[in-house]
Amino acid sequence: MENLFLEGTQYTPEINMNAESGVISMVGKSYPENTFDFYQPIMDWVTAYFNGEAKNKTVVNMEIIYFNSSSSKLFFDFFDVLDEQKDKHHVEVNWIYDEENESALEAGEDFIEDFENLVINLVGK
Amino acid sequence: MEAPEDNLLRELNDLKASFTKTIDKLAKDLKRQSKIMARSDKRQRKEYDELQAKLQEVKDLSAEIEETQREVVLTMGAIGESRSKETGNHVKRVAEYTYILARYYGLPEKECEMLKQASPMHDIGKVAIPDSILNKPARFTPEEFEKMKEHAQLGYDMLKYSNRSLLKMASIVAYEHHEKWNGKGYPNATSGEDIHIYGRITALADVFDALGSARVYKPAWDDEKIFNLFKEERGQHFEPALVDIFFGHLDEFLQIRDSLKDV
Numbered sequence: 007m008e009n010l011f012l013e014g015t016q017y018t019p020e021i022n023m024n025a026e027s028g029v030i031s032m033v034g035k036s037y038p039e040n041t042f043d044f045y046q047p048i049m050d051w052v053t054a055y056f057n058g059e060a061k062n063k064t065v066v067n068m069e070i071i072y073f074n075s076s077s078s079k080l081f082f083d084f085f086d087v088l089d090e091q092k093d094k095h096h097v098e099v100n101w102i103y104d105e106e107n108e109s110a111l112e113a114g115e116d117f118i119e120d121f122e123n124l125v126i127n128l129v130g131k
Numbered sequence: 238m239e240a241p242e243d244n245l246l247r248e249l250n251d252l253k254a255s256f257t258k259t260i261d262k263l264a265k266d267l268k269r270q271s272k273i274m275a276r277s278d279k280r281q282r283k284e285y286d287e288l289q290a291k292l293q294e295v296k297d298l299s300a301e302i303e304e305t306q307r308e309v310v311l312t313m314g315a316i317g318e319s320r321s322k323e324t325g326n327h328v329k330r331v332a333e334y335t336y337i338l339a340r341y342y343g344l345p346e347k348e349c350e351m352l353k354q355a356s357p358m359h360d361i362g363k364v365a366i367p368d369s370i371l372n373k374p375a376r377f378t379p380e381e382f383e384k385m386k387e388h389a390q391l392g393y394d395m396l397k398y399s400n401r402s403l404l405k406m407a408s409i410v411a412y413e414h415h416e417k418w419n420g421k422g423y424p425n426a427t428s429g430e431d432i433h434i435y436g437r438i439t440a441l442a443d444v445f446d447a448l449g450s451a452r453v454y455k456p457a458w459d460d461e462k463i464f465n466l467f468k469e470e471r472g473q474h475f476e477p478a479l480v481d482i483f484f485g486h487l488d489e490f491l492q493i494r495d496s497l498k499d500v
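Residue numbers (our numbering), protein chains in the order written: chain U, 7 to 131; chain Y, 238 to 500.
Here are the simulated DSS-like pairs of lysine-lysine, each with C-alpha atoms no more than 30 Å apart in a straight line:
#, chain 1, residue 1, chain 2, residue 2
1, Y, K283, U, K79
2, Y, K265, U, K94
3, Y, K253, U, K94
4, Y, K283, U, K35
5, Y, K329, Y, K417
6, Y, K272, U, K92
7, Y, K262, U, K92
8, U, K94, Y, K258
9, U, K79, Y, K272
10, U, K79, Y, K258
11, U, K35, Y, K272
12, Y, K272, U, K131
13, U, K79, Y, K265
14, U, K92, Y, K258
15, Y, K265, U, K92
16, U, K131, Y, K279
17, U, K92, U, K61
18, U, K35, Y, K279
19, U, K94, Y, K272
20, U, K79, Y, K253
21, U, K131, Y, K296
22, U, K92, Y, K253
23, Y, K268, U, K35
24, U, K131, Y, K283
25, U, K92, Y, K268
26, U, K79, Y, K279
27, U, K94, Y, K268
28, U, K94, Y, K262
29, U, K63, Y, K265
30, Y, K262, U, K63
31, U, K35, Y, K291
32, Y, K291, U, K131
33, U, K35, Y, K265
34, U, K79, Y, K268
35, U, K79, Y, K262
36, Y, K291, U, K79
37, U, K35, Y, K296
Here are some, though not all, of the chain U residues that point toward chain Y, as calculated from beta-carbon distances under 10 Å:
#, residue
38, Y72
39, F73
40, N74
Note that these hints are calculated values from the structure, not bench results.
In this text, all values refer to a predicted model and were calculated from it rather than measured experimentally.
Glycine included, each C-beta is placed from N, C-alpha and C at the ideal position.
Sequences are here, hints too, so could you generate the full structure?
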């Protein structure tokens, strides 16, 4: 399947979804004008990926500095998809945050609380 | 053979299961929704606080920078002044005169305010002129005069590399305040509107103040003599429009001279 790459902008994170390496990354801020439209191809890609040729181990690196509430909702939906796959595939999420950015850390902690069966590592940098 | 009611019962059970599942999903989404909003609100409030704090920091820093710039400029002006023994309030008066001239000339208020701060540095290049020349209580020899004239270029060279708008402006003032409207000034013998307006304005302000002040080599001129010279130099040394502003608002210039007298 084809990899998905979206360059980061002032309002949207850089998206890099690599089917060969099994590494998915989202880096930057998330304030899209239309959050649902922006994340639709990402949700489609990850669903197709797990339905098809997912690697033995899939690593998701999320380094989102700031994000709006609709992005937060989309991250929940995204984690839902990962959560459904955790028994069939080895999935690991790295929630990467700047140690000076308390909100980013707290957001990561919230996701851990909500998806207690998903492996989410908090990675300070 | 299945009884019709069994079939119906099974269908009802399926419906019930599907209904429960949908309700659960809806409940989960609803519950999650308010959680997401509450968390987002909290997060965004924190981000807003951070932004406000950073903005305040930036504001404080800009104020600090502006204040520092103002102090540096005034100090440099005072250094130039002390070196050339133009005792007292010469640079302060020049500052005020340039402000009035700039305002009536029609420059934007911010620029007038900046010129008021930059013009005191017009003679900063004199720090590099030997004392023996600067304080000579007699007429310069041609060689000495040539040396003295270098202060315009020297002042410009000191300030020209700055990216600060105020210091850039001061470099122009230092460079061009001895140019004359008729092209007979120095260092470049530039004429008319090729001389920057900051230079044209400061030239008039500086000369007006210098003539009215006593120097080591000359007594102060009386007003009539000064005014006559200004009339003669209209369109020669000075831009006509600036001389007109000067005479049109003479009371304001004299008021400044009175309030900032040398003691």
